[in-house]
Amino acid sequence: MQVCVNGETCATRAVYVADLIRDQGADPARVAVILNDAVLPAAVRATTRLADGDRIELLAFAGGG
Amino acid sequence: MKEDPFLLGGRVFTSRLLIGTGKFAAADVMIHAVQAAGAQLVTVALRRLDRDRPHDNLVEPLLALKNVTLMPNTSGARTAAEAVRAAHIARDLCGSPFIKVEIHPNPHHLMPDPIETYEASRVLAKEGFVVMPYMPADPVLARRLEEVGCASVMPLGSAIGSGQGLATFELLRLIVRDARIPVIVDAGLRSPAQAAAALEMGCAAVLVNSAIAVAGDPPGMAGAFAQAVQAGRAAFHAGIMATGEASATSPLTAFLQGENRPTVGDQET
Amino acid sequence: MKTTTFPEPRTLNSASVAAALACSAPDEATFAALLHADPGRHLEQLAQRAQQITRQYFGRAIALYAPLYLSNFCSGGCAYCGFAADRRQSRRRLELPELTDELAALKAMGFEQILLLTGERTPQADFDYLHACVQAAARVFHEVTVEAFPMSVAEYGRLADAGCTGVTIYQETYDPEAYARWHRWGPKRDFAARIDAPSRALAAGMRTIGMGALLGLADPLAESLALYRHVRDLQMRYWRAGVSVSFPRLRPEAGGFQPPHPVSDIQLAQIIFAFRICLPETPLVLSTREAPALRDGLAGVGINRMSVASRTTVGGYRDASPDTNRQFAVSDERNIAAFCAALCQRGLDPVFKNWDAAYRSEGTTCT
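So the sequence lines, in the order shown, correspond to chains X, C and E. Just so we're aligned: the first sequence equals residues 1 to 65 in my numbering. Just so we're aligned: the second sequence equals residues 1 to 269 in my numbering. Just so we're aligned: the third sequence equals residues 1 to 367 in my numbering.
Among the clues, some could well be false.
One-sided excerpt, in silico: chain E residues whose CB lies under 7 Å from chain C [said to hold, decoys possible]:
| id | residue |
| --- | --- |
| 1 | A47 |
| 2 | D265 |
| 3 | I266 |
If the Cβ cut is set under 7 Å, some of the chain X residues that face chain C in the computed set are [said to hold, decoys possible]:
| id | residue |
| --- | --- |
| 4 | N6 |
| 5 | A32 |
| 6 | L50 |
| 7 | A62 |
Calculated directly from the structure, the hints in this document are not laboratory data. Ideal Cβ placement from N, Cα and C applies to all residues, glycine included.
Construct all of the structure, not just a fragment, from the sequences and the given hints.
In C-alpha cells form, the structure reads like this:
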C-alpha cells in the first residue's frame with residue numbers, strides 16, 4: 001500500500017505501525033508517531049494496522065529551539 | 001560556591017547556564033559544549049525524524065551525561081494548541097516534566113507570540129508540566145505567566161540569533177524586581193560579559209545557544225559562559241557598588257526645627 | 001505578619017548612606033539604612049533624593065482631596081481619638097439631604113476627589129448607610145474613597161460596585177502590645193482582623209488602598225519598617241492595584257491623649273523621605289493635621305498627595321460652622337486658594353482630578 005511518511009509518499013508492505021517504524025530504521029524508544037493528525041501512543045503501535053493513504057509523522061528530538 | 005541553589009520545578013540545580021542545541025555543526029560538538037558548560041538543563045526541539053540518519057539522535061548522548069535534564073521545547077508550533085500537543089509528545093518521549101513553551105510564528109524575527117504563549121502555558125501548568133515560557137520582555141506578561149503557574153519566565157534579551165545582548169535591560173530589571181519565580185534570560189546573548197551582566201542584575205540564569213554553537217570553539221566558549229555566569233552570580237551576592245548621582249540644588253530641609261535641627265553647614269554633600 | 005523587631009543597624013557610615021541613596025533596587029535593608037541615617041548629617045541628602053524621585057515619578061503634581069466626615073457615631077474605644085465612645089460630644093450623622101448639600105459645597109470648591117469617613121460600626125452608621133453615601137458621592141465626584149470600619153470581602157465588593165475606588169485603613173500600630181493598650185474595647189481590638197483588612201479590600205477588587213501607622217503610638221522606626229513590609233507584601237500580591245501611604249501623626253493634646261512615642265518634625269520628614277526613596281511609585285499623603293510650614297516643605301519632596309481646607313467635624317463644608325467636635329485638630333487652615341498659591345510658588349502643580357469616572361463600567365473593580 002501507499003502511505004505518506006514525513007511528507008513523502010512511499011510504498012510499504014508493513015502491516016502494523018510498529019513494522020513501519022522498524023522499516024524506516026528508527027529506534028522505537030526515541031521516536032513519536034502521529035498517525036493521521038493524532039498522536040499514536042507507543043503501547044498500541046504493534047496492534048495498529050496501517051491503511052492505504054495513511055499519513056504518518058515520525059518525530060524525534062533534534063537540536064534546536 | 002557557597003549555598004546558592006537554583007530551584008526550579010521542585011528540583012535543585014547548581015548550574016545557572018542553560019544550553020540550547022540548535023545550529024551546532026555536529027552532535028558530538030554539541031555534547032562537548034554541554035559538558036564544558038557544566039549545564040544541567042538542555043533544551044531540544046521536536047523535529048521530523050531525519051531518515052538519512054535515523055540513529056543519529058541527540059537524546060542518547062545527552063541522557064548519558066550525568067546531571068543533565070532534558071527540557072524539550074515547542075519550537076515549530078505556531079499556536080497554543082500545537083505547543084500543547086508538542087509538549088505531550090515530548091513528555092511521552094523522554095519523561096521530563098520540563099517544557100519550554102516556545103511559539104514564534106514569524107520567521108523574520110522569531111519573536112514569541114505572547115497570547116499563544118500565555119494560553120499554552122496556562123494549559124500545560126494545569127496539567128502539571130514544569131512550564132518555562134519563552135516570552136517578550138514584558139513585565140505585565142511576566143506576572144500573568146507567574147499567576148497561571150509557570151515555574152519560571154524566560155524573557156528575551158534580544159531576538160534569537162541577533163546577538164544584540166540585553167537590549168531589553170530596563171524591562172528585564174522590572175521583571176526581576178517583581179518576580180517571585182526565577183527569571184531566565186533567553187535569546188540574543190552574544191558574549192560571556194552579557195551573561196554576567198544578566199546575573200549581576202538579578203536574573204536567576206541564562207539560556208545560551210547561538211553564541212556557543214557558532215563560536216569558533218564551541219566547548220571553549222561554553223566554558224567561558226559558565227565562568228561568566230558564576231562571576232555574575234557571585235557579584236550579585238557581593239553587592240555591586242551603586243553609581244553616584246550628583247545633585248546641586250538649594251537646601252530643602254531648612255524649614256525643619258527641633259533639638260537636633262540639621263543645619264545646612266553640617267550636611268554632607 | 002513578621003514581628004516588628006528592628007534589624008541591627010549596620011555601621012552607618014556616610015558610604016552606607018550614600019549607597020542606600022543611590023540604590024536602583026531599594027529593598028528592606030535600604031529602607032532600614034535610610035531610617036537609621038543620622039539626620040544631623042544626612043537629612044538634606046535624603047530630601048534631595050526624595051525630591052528627585054518624586055519629580056521623576058509624579059512630576060510636579062500634587063493631588064488634592066477633601067475629607068468628609070459622614071458621622072461621629074462610634075462604638076470604639078481608641079484612647080487617642082476625639083470620636084471615642086467615652087468622649088462627651090454631640091453625635092450626629094449626615095442625612096441624605098445634608099449629605100447632598102455637603103457634596104455640592106465640596107464640588108463647588110473645586111474638589112473631584114473625596115474621602116468619606118466614619119467610625120467603628122454603629123447602628124446609626126452601619127454598612128448600609130456608608131453604601132448609600134458612597135452611591136450619592138459617586139454621582140458627584142470622580143474619585144470616592146472611604147476610611148471606615150474593617151469590612152468583609154463581600155462588603156468591599158459592594159462598595160466598589162457602588163462607585164468606591166479606594167479604601168483607606170490605618171493599622172494604627174503594628175505593635176500588638178501597644179495595639180491592645182490603646183484600643184480599649186470593641187471590634188477594633190481584633191488586631192488580626194484589622195491588619196488583614198487592606199488585603200480583603202484588594203481581594204474584592206478595590207482599585208486602591210491607603211495605609212499608614214498612627215505615628216506616636218509605638219517606636220516610629222519599628223512602625224515604619226512594619227508598614228513598609230506590609231505595603232510591599234500587598235504590592236507584590238495585588239500587583240494591579242495601587243497602594244498609597246499616609247503619615248498621620250499624633251500631636252500631644254492639651255488635657256488629652258499624650259502619645260507615648262512623640263515623633264518630631266525631623267523624624268517625620270526622615271520617615272517620609274525613606275518611604276519615597278524606597279517606594280518610588282507609591283503615592284505618599286499628608287493631611288491638614290500638619291502645620292503649614294511643614295506641609296509646604298514636604299510637598300513635592302516625598303509627598304505628592306494632600307488634603308486641603310479640611311473640616312474634621314461631621315460635614316462642615318456647607319456652612320462655615322464652628323470647628324467643634326473634631327476627630328483631630330486641623331493645623332493647616334488655609335483655604336484652597338491660599339494653599340494652591342503656596343504650592344505654585346514652590347513650582348508645584350495642584351491637581352484636583354486624577355481619575356475620570358467615565359472609565360468605570362459596572363462597578364469599579366480591577367479584577
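Q) Any of the earlier hints contradicted here, and which numbers? A) 6
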